[in-house]
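Given these sequences and hints, build the entire structure.
In terms of UniProt numbering, the sequence shown has 134 at position 134, counting the first letter as 1, and numbering is strictly consecutive.
Treat the hints loosely; a few may be bogus.
Dumping the calculated BS3-like pairs for lysine-lysine here, alpha-carbon to alpha-carbon at most 25 Å [unchecked claim]: (1) K155 with K38; (2) K68 with K38; (3) K141 with K155; (4) K79 with K45; (5) K79 with K24; (6) K46 with K24; (7) K40 with K74; (8) K38 with K79; (9) K45 with K141; (10) K24 with K45; (11) K74 with K98; (12) K45 with K68; (13) K40 with K24; (14) K46 with K98; (15) K98 with K155; (16) K98 with K68; (17) K98 with K24; (18) K68 with K117; (19) K68 with K141; (20) K141 with K79; (21) K141 with K117; (22) K79 with K40; (23) K117 with K74; (24) K68 with K155; (25) K74 with K45; (26) K46 with K74; (27) K79 with K68; (28) K141 with K46; (29) K38 with K141; (30) K24 with K74; (31) K38 with K74; (32) K141 with K40; (33) K40 with K155.
Pair ranges (Cβ atoms, derived) [unchecked claim]: (34) S9 with R105: 21 to 27 Å; (35) M99 with S78: 47 to 53 Å; (36) T76 with L121: 30 to 36 Å; (37) K98 with R14: 26 to 32 Å; (38) Q133 with T76: 38 to 44 Å; (39) T76 with I104: 19 to 25 Å; (40) N53 with H126: 16 to 22 Å.
Bear in mind the hints are in silico, worked out from the structure with no lab data behind them.
Using N, Cα and C, we set each Cβ at its ideal position, and we do this for glycine too.
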Amino acid sequence: MSTLPGFLSVRVLRGVNLASRDAKGSDPYVVLNLDGQKLKTSVMKKTVNPVWNEDLTLAVMDASAPIKLEVFDKDTFSKDDRMGDAEFDIEALMQIIKMDLEDIRSGTVVRTVRPGKHCCLADESHIIWQDGQVVQDILLKLRNVDTGVVHLQLKWVHIP
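Below you can see the structure in the form of structure tokens.
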């Protein structure tokens with residue numbers, strides 16, 4: 001059994017141009033999955049451009065394990081509709097966490113992660129040293145759907 005390196009705080013900021021699943025607009029929510037943990041945001045009513053601004057915290061046992069994100073449309077009388085999914089990893093973030101950054105000015109971009117073939121990044125993602133914390137903003141392009149991007153902010157939380 002591996003030791004627990006820490007916690008990942010995932011702020012689910014917003015969705016942009018999500019797929020519409022109902023005639024009167026979708027009621028989207030986000031689900032994060034990591035190593036058997038399943039966390040959900042609240043449901044935003046009748047929008048394809050939701051603003052959640054919610055923090056979800058995942059215990060990280062294996063920093064190389066991908067985190068799965070799914071977006072669903074909440075339905076009252078039937079199974080919730082899928083609105084896309086994406087995966088992301090925190091390996092680049094973990095490499096920066098291990099560095100001594102105390103002497104770096106707040107707001108400094110420490111690393112830029114670029115989208116790739118096997119990656120759901122919609123755009124470049126900057127890892128920043130901000131007020132004594134390592135922060136990464138990411139835009140994830142949803143798969144298995146025509147349209148949709150989810151904006152997240154990742155922060156590492158050390159265990160004392």
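Now for the hints, and whether the structure bears them out:
1. K155 with K38: The given pair, whose Cα atoms are some 18 Å apart, holds under the 25 Å limit.
2. K68 with K38: 10 Å, holds
3. K141 with K155: 20 Å, holds
4. K79 with K45: Holds, because 17 Å separates the two Cα atoms, which is no more than 25 Å.
5. K79 with K24: 17 Å, holds
6. K46 with K24: 7 Å, holds
7. K40 with K74: 12 Å, holds
8. K38 with K79: 18 Å, holds
9. K45 with K141: 21 Å, holds
10. K24 with K45: Given pair K24, K45 holds - Cα atoms ~10 Å apart, limit 25 Å.
11. K74 with K98: 40 Å, violated
12. K45 with K68: 23 Å, holds
13. K40 with K24: 23 Å, holds
14. K46 with K98: Since the Cα atoms of K46 and K98 sit roughly 42 Å apart, the hinted pair is violated (cutoff 25 Å).
15. K98 with K155: 14 Å, holds
16. K98 with K68: 24 Å, holds
17. K98 with K24: Violated: K98 and K24 sit about 48 Å apart, past 25 Å.
18. K68 with K117: Status holds; Cα separation ~17 Å.
19. K68 with K141: 12 Å, holds
20. K141 with K79: 24 Å, holds
21. K141 with K117: Between K141 and K117 the Cα gap is close to 12 Å, so the pair holds against 25 Å.
22. K79 with K40: Since the Cα atoms of K79 and K40 sit roughly 16 Å apart, the hinted pair holds (cutoff 25 Å).
23. K117 with K74: Given that 25 Å is the threshold and the Cα spacing comes to 31 Å, the pair is violated.
24. K68 with K155: 17 Å, holds
25. K74 with K45: 9 Å, holds
26. K46 with K74: Holds, at about 10 Å.
27. K79 with K68: 20 Å, holds
28. K141 with K46: 21 Å, holds
29. K38 with K141: OK: K38 and K141 at ~20 Å, within 25 Å.
30. K24 with K74: Since the Cα atoms of K24 and K74 sit roughly 13 Å apart, the hinted pair holds (cutoff 25 Å).
31. K38 with K74: Between K38 and K74 the Cα gap is close to 16 Å, so the pair holds against 25 Å.
32. K141 with K40: 19 Å, holds
33. K40 with K155: 18 Å, holds
34. S9 with R105: 21 to 27 Å: This hint holds: roughly 23 Å between Cβ atoms.
35. M99 with S78: 47 to 53 Å: 49 Å, holds
36. T76 with L121: 30 to 36 Å: Once the Cβ atoms are compared, 34 Å apart, the range 30 to 36 Å for L121 and T76 holds.
37. K98 with R14: 26 to 32 Å: 30 Å, holds
38. Q133 with T76: 38 to 44 Å: Distance hint for Q133, T76 holds at roughly 40 Å.
39. T76 with I104: 19 to 25 Å: About 50 Å separates the Cβ atoms of T76 and I104, which means 19 to 25 Å is violated.
40. N53 with H126: 16 to 22 Å: Holds, at about 20 Å.
Going through the hint list in order, the structure does not satisfy hints 11, 14, 17, 23 and 39.
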